[in-house]
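Q: Chains P and X, in that order, give the protein sequences. If you use the numbering used here, the first sequence corresponds to residues 1 to 630, in order. If you use the numbering used here, the second sequence corresponds to residues 1 to 630, in order.
There's no promise every hint is true.
As the list makes no split between identical chains, a pair holds if one copy fits it or if it spans any two.
Straight-line C-alpha distance at most 25 angstroms; calculated DSS-like pairs for lysine-lysine [unchecked claim]:
id	residue 1	residue 2
1	K335	K182
2	K95	K129
3	K175	K497
4	K518	K325
5	K160	K588
6	K332	K463
7	K162	K129
8	K577	K162
9	K518	K529
10	K487	K588
11	K588	K162
12	K325	K335
13	K95	K335
14	K366	K419
15	K160	K325
16	K335	K252
17	K157	K588
18	K175	K252
19	K175	K249
20	K175	K463
21	K262	K332
22	K162	K335
23	K175	K160
24	K160	K577
None of these hints come from the bench; they were simulated from the model. The structure displayed is predicted, hence computed values, not measured ones.
Number of protein chains: 2
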Amino acid sequence: MTSVLTVKMSNKTFIIEFEALGKRIVCEEGQTLLQCAQGAGIQILSVCGGMGLCGSCKVRVLKGPASELTSSESEHFTLPEIQRGWRLACQLKPKGSLTVYVPLESLAHNYRLQIEGLEREVELNPNVKTFEIELSPPLLEDPRADTDRIEEGLRNKGFKCKGFDVEALRDMPLKLRESSWKVKALLRDGELIGILPREEAVLGLAVDLGTTKIALYLVDLESGRTIQAVGLSNPQILYGEDIITRIQKAIKSEENAQLLQKSIIDSINEEIITLLNKLNFSRDQLVEGVFVGNTAMHHLFLGLPVTYLASAPFVPVISQALEVKARDLGLKFSKGAYLRFFPNIAGFVGGDHVAALLATGAWTEKGPVLLLDIGTNTEISLIREGKIFTVSTPSGPAFEGGHIKHGMRAASGAIERIKLSDNGVWIKTIDDVPPIGICGSGLIDAVAELFRIGLLDENGRFKGRHPRLRENEGVKEFVLVDEREMKNDQAITITQKDVRELQLAKASIRAGIQKLLKEMDLEEDALEKVYIAGAFGSYIDVGNAIYIGMLPALSREKFIQVGNAAGVGAKIALLSKNKQEEADLIAKTCHYIELAASKDFQRLLLEASFLGKYKISDEGRRYVNGDQDQ
Amino acid sequence: MTSVLTVKMSNKTFIIEFEALGKRIVCEEGQTLLQCAQGAGIQILSVCGGMGLCGSCKVRVLKGPASELTSSESEHFTLPEIQRGWRLACQLKPKGSLTVYVPLESLAHNYRLQIEGLEREVELNPNVKTFEIELSPPLLEDPRADTDRIEEGLRNKGFKCKGFDVEALRDMPLKLRESSWKVKALLRDGELIGILPREEAVLGLAVDLGTTKIALYLVDLESGRTIQAVGLSNPQILYGEDIITRIQKAIKSEENAQLLQKSIIDSINEEIITLLNKLNFSRDQLVEGVFVGNTAMHHLFLGLPVTYLASAPFVPVISQALEVKARDLGLKFSKGAYLRFFPNIAGFVGGDHVAALLATGAWTEKGPVLLLDIGTNTEISLIREGKIFTVSTPSGPAFEGGHIKHGMRAASGAIERIKLSDNGVWIKTIDDVPPIGICGSGLIDAVAELFRIGLLDENGRFKGRHPRLRENEGVKEFVLVDEREMKNDQAITITQKDVRELQLAKASIRAGIQKLLKEMDLEEDALEKVYIAGAFGSYIDVGNAIYIGMLPALSREKFIQVGNAAGVGAKIALLSKNKQEEADLIAKTCHYIELAASKDFQRLLLEASFLGKYKISDEGRRYVNGDQDQ
Ligand code: FES
Ligand code: FES
């Protein structure tokens, strides 16, 4: 085995299961949890380098024996925390197999934004099947072709070879002879796409093509194990922060479109090569890929024209799942590798949403169940007894800091949590560094808190007095961080206009939800679960989102934040043909409702723009108190 | 229709059927037969430019009404010839639909070497199916993807679309809109590989990759009509006349192998572009290809390693039929086009032989039937009741002029026919230009005639006297063309060594035949037919080939010279999936016998080296007189 997870067999080894991440790794006796997690690509933060000083590596042991508490751990945790199993990963040494929970804040930054997800058990049935075969070498009395021998080897295993990939044939003769005619044959739907020496692992890559971030999962196709997960920035950001700008660029010239395509393919290629080199794998071992992304990303990636995505009626080139040879896109997989692209539902609902539906299993539930993926466009599906209604609602850039005076993306220094009191402010920034601006989750917190302490009315208008509420050039604003506290002498504030932007954004999501409920003739209370997928959705304070009327006023337990469900969907489809078929079925089942063509959407938008915990019916809003459920 | 064969409908038109060529063309009233034949790509010679002077355009009218004999025709033909229907194509104007026979010598040179073949009726069932569909354009209420509309259109025709080619998808949206949603959809095994405006023809290309010549047939896949046939030199000749030299070059370096591959692909691309431009077709219309060739050509063309073809046990990389996207080889077909390569039988018996078996239908006959394809290697199959035994025998370069003192390829100026009398010589050269050397068919004639007039004994030794038999530096030689008749003062002679070379070559063919008969436990007399395929085989005088013991002493009528049967096989496979399956079955059925591993082949070679009409049995040679049959 060339896998990174191989361990010397002289030491005792334990299995560590990371619950929320859905990962299992092997740990040697004597290693700290931090060492073995980082070795396996789980990027637990360690600001102090594992000295037990910073506390950034905190985890919670749910099950299994570990070394005793060190003094630095005793210092970092309160007694109740210790009783609930909180530890520092850099101090703890497993004494047996463990189940561990890593909180979001203990995950390194890029990891944190991308790759946590809800993992489910999948029966292994990848597109590429591996057969260990041993062939007889040619003789003058047996001068059959190499492929005849392979065909015979497969026939002996009960399998039929229906075709051969020409690229795979080119280095096959040498490989057969170098491996003394003992090889792994790789068959994909009956096509021989490659052979490997028997000792080499067979790998696949699942890719979630996000507008801002790309998540990659390198997976062992024979064991189903995730070997490594990495996140990288989408390099297309250089050509436009939002997808609409990029679409417009691509339409303007064929050259632009090719540039956009090339940038992302180059980036992924670079990452593949780095990954394979680091883990001591060869390119020949990477034999299959599954890609998910929104429809525009999908089209730009594949070099399909986006002209008809750009204006009404927003028609995709293709909705069905698409299989492409990796070489046709210039991707550095094995020569014979195929990539499978998830089906799209509509111009603004792509394969990433299908993947999220697949990963959460939401669509198999009796329901009614909601699944939201919040972004510049928010995709929402309402599932009930095998029916799926889907909308895409233009929530706009506010959640990503766009059109907000001091808005920014969820990056280091962004204010992500806010609590207000009658005269004070408590803020938390990402990475706990000095504040630079405010990100989407901070904005939701801010508006919720302002509403809670009575500084905003239900229309979203500032009212009353507060030491930090002021007027600036005729516009009211609330000061989160004072000029004097900032190096650049610029205060960080929430302006009246910012509140309006957030109202528009959150109203579009809420109105989308209400529209779906109306289409299925359901009341909000009927909802059994609300899955919130995507990086942004994982960071919002659901209570506050309810409190500003962005989400329906349901009991908190009904909301499940599932992280990068799209990435997980890609991964399970990589492992299972059945799951691919399921994804195709999901896409076909989704009944897309075009909000632009809907008359009552405007009315719902208006209702949903109010702040407060309320339910919406044909009679209008009905306010609700407390964390209730009925 | 953009086809070249379109005619203005104002004039009357007639159908001209060219019997041996298996072509039908349309002729306008008032055109000469020469004009309309040349317009349709049938390259009838016209040395005097159609003035009725040279006689090079002679044809024979088998059926149908034509203009009256002109005076120049009366001069060119004898009365019996006129009675048998001989005419000059430049003088004759069809007065109705005709059936015409064009003798070999009336065909322009490159045409003549390549493309005549035995054509058979094929039921049209190409890989690429064409569906005329009309789709509804997108609306806000119907924003389905383009592919959904196509899928629906196909479903309405009762067909299911199972996949899409990514390259075909790239220009599909624009094409759909430019054609107002009325298009031809091209489906290949359920995969959408392209769409075309409804008025455009759907084309395929059949290619016979010969070691020296490449034959291309452009075919209309909807009608089955051959639109144009062209021959070109194999540019790999620059890297080595014979295939062994090329293999050795390719083994020496990867760069060489790529050069060899590139040269032939460039050449074919050039020819495709020329052809399409000339006929006013677009590249998008060329949607399928079928390629046949010997195993080495096949491997070099596909970029497969030839290392293991070069030495015993001569193992091909692949024997099965192979399908490849044209773009994977850089061939300028439509973006989604596939190429199908015929299956190989063994290292020295390739898809061209399979194609010849397919084209002649030899393999479906009860038999016993022989099929020979004579070349540097001669492939021979013996068929009997569904069984096929096949050998490849190393006949060497003599038939192509190699190792012969004044030998040359069958090109302009080569002596191709020879008659001797007790004191004189009659020769005929290709193109009737002054002689330069002697080609394979001339060599066979020479040896047969020398044996007939008693100047060679059955051992192939010169004996007796003749004004033209002389000794030159101790070696006996027969003077075909005297020094004084040659511009370069070099006589053209047949030397004792030349006779020996021919004996080796022809013995290897005869021994191969005998070996096959022995394996099937048959006598020569049992043979019902002997098909002789290939360019060279079409030019030899079968009577003389029998007379020197190269072919078994059977009745002349049993021999059928079928021309480029391999090319015709490629063409019928292009038109019919069933024929492709038949070809695969042929390849699987062929039982290859390795002569290198055969003990009695040496003895047979010795027997077969003698001159004369004889049969060979375990008891040895038995001479036969006259043109007999038993
Ligand atoms: S890494 Fe700093 S406390 Fe563990
Ligand atoms: S072309 Fe010369 S005679 Fe017809």
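Q: Could you run down the list of hints and mark each one as holding or not?
A: Outcome of the hint check:
Only within a single protomer do K335 and K182 lie at most 25 angstroms apart by alpha-carbon distance; the minimum there is 20 angstroms, versus 37 angstroms between protomers. For the identical chains of this complex, K95 and K129 are neighbours neither inside a copy (37 angstroms) nor across copies (66 angstroms), given an alpha-carbon limit of 25 angstroms. Taking CA atoms no more than 25 angstroms apart as the test, K175 paired with K497 passes in neither setting, with 66 angstroms inside one copy and 46 angstroms between copies. In this homomeric assembly, K518 and K325 never come within 25 angstroms of each other (Cα to Cα): the closest approach is 43 angstroms inside a single copy and 49 angstroms across copies.
In this assembly of identical chains, K160 and K588 lie within 25 angstroms of each other by CA distance solely across copies; the values are 15 angstroms between and 31 angstroms within a copy. In this assembly of identical chains, the alpha carbons of K332 and K463 never lie at most 25 angstroms apart, being 59 angstroms within a copy and 71 angstroms across copies at closest. In this assembly of identical chains, the alpha carbons of K162 and K129 lie at most 25 angstroms apart whether taken from the same copy (14 angstroms) or from different copies (21 angstroms). Taking identical chains as interchangeable, the C-alpha atoms of K577 and K162 lie at most 25 angstroms apart whether they share a chain (18 angstroms) or sit on different chains (16 angstroms).
Taking identical chains as interchangeable, the C-alpha atoms of K518 and K529 lie at most 25 angstroms apart only when both belong to the same chain, with a minimum of 17 angstroms there against 81 angstroms between chains. Taking the shortest Cα distances, K487 and K588 never come within 25 angstroms of each other, neither inside one copy (54 angstroms) nor across copies (81 angstroms). Taking identical chains as interchangeable, the C-alpha atoms of K588 and K162 lie at most 25 angstroms apart only when they sit on different chains, with a minimum of 14 angstroms there against 29 angstroms within one chain. Taking the shortest Cα distances, K325 and K335 sit within 25 angstroms of each other both inside one copy (8 angstroms) and across copies (14 angstroms).
For a Cα distance limit of 25 angstroms, the shortest separation of K95 from K335 qualifies neither inside one copy, at 44 angstroms, nor across copies, at 60 angstroms. Taking the shortest Cα distances, K366 and K419 never come within 25 angstroms of each other, neither inside one copy (38 angstroms) nor across copies (94 angstroms). Within a single copy, K160 and K325 get their C-alpha atoms as close as 21 angstroms, and across copies as close as 22 angstroms, so both meet the 25 angstroms cut-off. For a Cα distance limit of 25 angstroms, the shortest separation of K335 from K252 across copies, 23 angstroms, qualifies, whereas the shortest one inside one copy, 33 angstroms, does not.
In this assembly of identical chains, the alpha carbons of K157 and K588 lie at most 25 angstroms apart only when taken from different copies (21 angstroms versus 36 angstroms within one copy). Taking the shortest alpha-carbon separations for K175 and K252, only the inter-copy value of 19 angstroms comes in at or below 25 angstroms, while the best intra-copy value is 47 angstroms. Taking the shortest alpha-carbon separations for K175 and K249, only the inter-copy value of 22 angstroms comes in at or below 25 angstroms, while the best intra-copy value is 45 angstroms. In this assembly of identical chains, K175 and K463 lie within 25 angstroms of each other by CA distance neither inside one copy nor across copies; the values are 76 angstroms within and 59 angstroms between.
In this assembly of identical chains, the alpha carbons of K262 and K332 lie at most 25 angstroms apart whether taken from the same copy (13 angstroms) or from different copies (23 angstroms). When the C-alpha separation of K162 and K335 is checked against a cutoff of 25 angstroms, the pair qualifies both within a copy, at 18 angstroms, and between copies, at 24 angstroms. In this assembly of identical chains, K175 and K160 lie within 25 angstroms of each other by CA distance solely inside one copy; the values are 21 angstroms within and 39 angstroms between copies. Taking the closest pair of Cα atoms, K160 and K577 come within 25 angstroms of each other both inside a single copy (18 angstroms) and across two copies (20 angstroms).
Of the numbered hints stated above, those contradicted by the structure are hints 2, 3, 4, 6, 10, 13, 14 and 20, listed in ascending order.
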